[in-house]
Amino acid sequence: MKPVDYITTAQTNLGRSKARTILTVFAIVIGTFTLAMTTAFGQGVQQIINLQLQAYTSPNLVFVTVASGSQSTPGTIPPYQPGRQTTGGEGHQPSMNQHDIDVIKTMPYVSAAYPNLRVSADYIQYGAGKYLISLAGLYPGSQVSPVSGSLPDQNSSGIILPYPYIQTFGASSGEELLGKTVTVHLTNQADPNKQEDVKMAITGFLADTVHTPDAFIPVNNLTTLADFQSNNKPVYSEVAAVTSQPLSTGQDQALKNALSAHGYSGLSYLDTQNNFRRPLQIVKYGLSGFAGVALLAAAIGIVNTLLMAVFERTQEIGLLKALGMRRRGIFTLFIAEALAIGFWGGVIGVGLAVIFGRVANNILVHGIFRGVADTHLLVFPIAYMAAIIGGAMLLGVIAGTLPALRASRLDPIEALRRE
Amino acid sequence: MPDQAEVFLEAQSLHKTYGRGAAAFEALKGVSLSIKEGDSLAILGKSGSGKSTLMHLLAGLDQPTTGSICYQGESLSNMNEGQLSEFRNHNVGFIFQQFFLQPTLTVLENVILPLKIAGESGEYREKQAKDALSKVGLSDKVKNRATDLSGGQKQRVAIARALVGNPKILFADEPTGNLDTETASEVIELLQSLNHQAGIILVVVTHDPDLAKQCRRQIHIKDGTVQ
Ligand SMILES: Nc1ncnc2c1ncn2[C@@H]1O[C@H](COP(=O)(O)OP(=O)(O)OP(=O)(O)O)[C@@H](O)[C@H]1O
Ligand SMILES: [Mg+2]
Numbered sequence: 002m003k004p005v006d007y008i009t010t011a012q013t014n015l016g017r018s019k020a021r022t023i024l025t026v027f028a029i030v031i032g033t034f035t036l037a038m039t040t041a042f043g044q045g046v047q048q049i050i051n052l053q054l055q056a057y058t059s060p061n062l063v064f065v066t067v068a069s070g071s072q073s074t075p076g077t078i079p080p081y082q083p084g085r086q087t088t089g090g091e092g093h094q095p096s097m098n099q100h101d102i103d104v105i106k107t108m109p110y111v112s113a114a115y116p117n118l119r120v121s122a123d124y125i126q127y128g129a130g131k132y133l134i135s136l137a138g139l140y141p142g143s144q145v146s147p148v149s150g151s152l153p154d155q156n157s158s159g160i161i162l163p164y165p166y167i168q169t170f171g172a173s174s175g176e177e178l179l180g181k182t183v184t185v186h187l188t189n190q191a192d193p194n195k196q197e198d199v200k201m202a203i204t205g206f207l208a209d210t211v212h213t214p215d216a217f218i219p220v221n222n223l224t225t226l227a228d229f230q231s232n233n234k235p236v237y238s239e240v241a242a243v244t245s246q247p248l249s250t251g252q253d254q255a256l257k258n259a260l261s262a263h264g265y266s267g268l269s270y271l272d273t274q275n276n277f278r279r280p281l282q283i284v285k286y287g288l289s290g291f292a293g294v295a296l297l298a299a300a301i302g303i304v305n306t307l308l309m310a311v312f313e314r315t316q317e318i319g320l321l322k323a324l325g326m327r328r329r330g331i332f333t334l335f336i337a338e339a340l341a342i343g344f345w346g347g348v349i350g351v352g353l354a355v356i357f358g359r360v361a362n363n364i365l366v367h368g369i370f371r372g373v374a375d376t377h378l379l380v381f382p383i384a385y386m387a388a389i390i391g392g393a394m395l396l397g398v399i400a401g402t403l404p405a406l407r408a409s410r411l412d413p414i415e416a417l418r419r420e
Numbered sequence: 093m094p095d096q097a098e099v100f101l102e103a104q105s106l107h108k109t110y111g112r113g114a115a116a117f118e119a120l121k122g123v124s125l126s127i128k129e130g131d132s133l134a135i136l137g138k139s140g141s142g143k144s145t146l147m148h149l150l151a152g153l154d155q156p157t158t159g160s161i162c163y164q165g166e167s168l169s170n171m172n173e174g175q176l177s178e179f180r181n182h183n184v185g186f187i188f189q190q191f192f193l194q195p196t197l198t199v200l201e202n203v204i205l206p207l208k209i210a211g212e213s214g215e216y217r218e219k220q221a222k223d224a225l226s227k228v229g230l231s232d233k234v235k236n237r238a239t240d241l242s243g244g245q246k247q248r249v250a251i252a253r254a255l256v257g258n259p260k261i262l263f264a265d266e267p268t269g270n271l272d273t274e275t276a277s278e279v280i281e282l283l284q285s286l287n288h289q290a291g292i293i294l295v296v297v298t299h300d301p302d303l304a305k306q307c308r309r310q311i312h313i314k315d316g317t318v319q
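Chains as they are written, first to last, in this note's numbering: chain A, 2 to 420; chain B, 93 to 319.
Please note that a few of the clues may not be correct.
[As the list claims (entries may be wrong)] Heads up, simulated DSSO-like pairs for lysine-lysine below, C-alpha to C-alpha not over 30 Å straight-line:
(1) B/K233 - A/K19
(2) A/K234 - A/K200
(3) A/K3 - B/K121
(4) B/K235 - A/K3
(5) B/K260 - B/K235
(6) B/K222 - A/K3
(7) A/K3 - B/K138
(8) B/K121 - B/K305
(9) B/K314 - B/K260
For the record, the hints were derived by calculation from the structure and aren't laboratory data.
Since this is a predicted model, take the numbers as computed values, not measurements.
Build the full structure now, drawing on both the sequences and the hints.
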């Protein structure tokens, strides 16, 4: 037979006992639907995590602290080390200095290192309005992603602001404010009479996130502001190490090993990502496990359905053989049926998931996930969905092998004699 | 039929034993026969004498325990499963007492089946099937479901299905066994005309003396041997 004849014959044969076929397909649908939803949820959450994280940090940054500090060894009080003090806000985290920066610069993959400073300005002024602001440094090669505009140039006096400032400044979209000038007002910590106004141009806005992050300005500008506030003695407990590109898991580990050999501890983008992901991963594995059990049950259903079909169609198989169909042909005919069951189970399951996902996206994004996910909570990548359909077909083939073998081995004379 | 016609099929001392050990039963006990081009042969005998068994062996549907079957000098025992299937598909037509039409298919689709198995293209096989149906006088039933036909019509569909691949030899196992006298004689007439006009070799297992008489040769089987 021609391949197309196998497919059409398989379809026709499946249509002969509709109720049985529908039930068998439905069992697969439960599994593939769950798998598709789990994947969509995982992918969506992944996107959201990345979006949220990229408003705070960049994949090419590793934040380095002193390993003995409370950040990496909670519940301990580090011993005194000359040149290190605690930094007010950070609990018992020893401060760091230029020597640390010099050492960190020599670590593998690290191309630059800066004190990770925060500057709390008195206010930011746009027009007549004055508002609170916290500033952080934008490091070279940073991949913080803006929702409108762009990142400020390293040699410019630009600033990229968190999303809520759009509304605060009375604009309806970020684009309206691009290129507009704001004034950042600072006071010297030791002498309140020393004050400074710094003008900056708005270059863009960060993604809307659950917690409003700092505004970013080029790291050198930030250092200048911090030096002014602290009379050139800024205290910091964290160094931002810039890597030439985002690190792979292996490279990430190599860098952390080198840091730890020098008494430091590093927190990379991957670590932060994983911290967010872990609880979701548990949900994902749970759902995948459920889908796996459903699919296993479905596979047994396929075996059962096809064994019944072989039994019912014994005479027909005998006739086909008498008319010259080979064993291989009979085998293929039943495998084609198993494939078709798998195919429909996959397509319907994934299809339902996509439809359901559309509706759920609308409800969630405008409901409890408002502001977290701007468009999609559930994401259905085509490659993954195709893989699920392919997997269901493979499951069909595996489950169909036993019945197909049984059919192919029937003796034509015996089979024809059966009533 | 001219006596000098070439031998088409040659069977030598066929033995067939069903089962093993104490349950073993020898259904054929050394049957030899030869069939020439254009021949028609009726196989007669009491129920259980081994007629169907002999026919299945000759048609390559089953293998003899010992003995050989040669088609134009080529032995069936030298063929593997695939070659034997192809041999049946291309050279042999079958007609059974129970018709074995597929109830879910139309008349045309039933007749197409052997060509579908052969992997022929859609257009070609439809044309061939229509030709075969017109030979058995069922051109007007092409679109009907096979189950909607009368017994005689069903058997004619089965004959069309046997003819569609242009076989050289037609095997029929009690083709009129399920038909009344009148429809039976129609079917007999049809089979005879195929033999006379198209030169298709006919091997018919039958209880029907009318059908047997019209064949050029008759052999009688008794307890697994030719009388
Ligand atoms: N698969 C089998 N296993 C065991 N015995 C068998 C088998 N097939 C046939 N037989 C026996 O072989 C003998 C010949 O059977 P066969 O079907 O050839 O008879 P037949 O002449 O065609 O009879 P009928 O006219 O009733 O169709 C019978 O005794 C039958 O019981
Ligand atoms: Mg019989």
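Here's how the hints hold up against the structure:
no.: 1; hint: B/K233 - A/K19; result: holds (27 Å)
no.: 2; hint: A/K234 - A/K200; result: holds (23 Å)
no.: 3; hint: A/K3 - B/K121; result: violated (42 Å)
no.: 4; hint: B/K235 - A/K3; result: holds (23 Å)
no.: 5; hint: B/K260 - B/K235; result: holds (28 Å)
no.: 6; hint: B/K222 - A/K3; result: holds (20 Å)
no.: 7; hint: A/K3 - B/K138; result: violated (43 Å)
no.: 8; hint: B/K121 - B/K305; result: holds (26 Å)
no.: 9; hint: B/K314 - B/K260; result: holds (28 Å)
Hint compliance for this structure: hints 3 and 7 are not met, and every other hint is.
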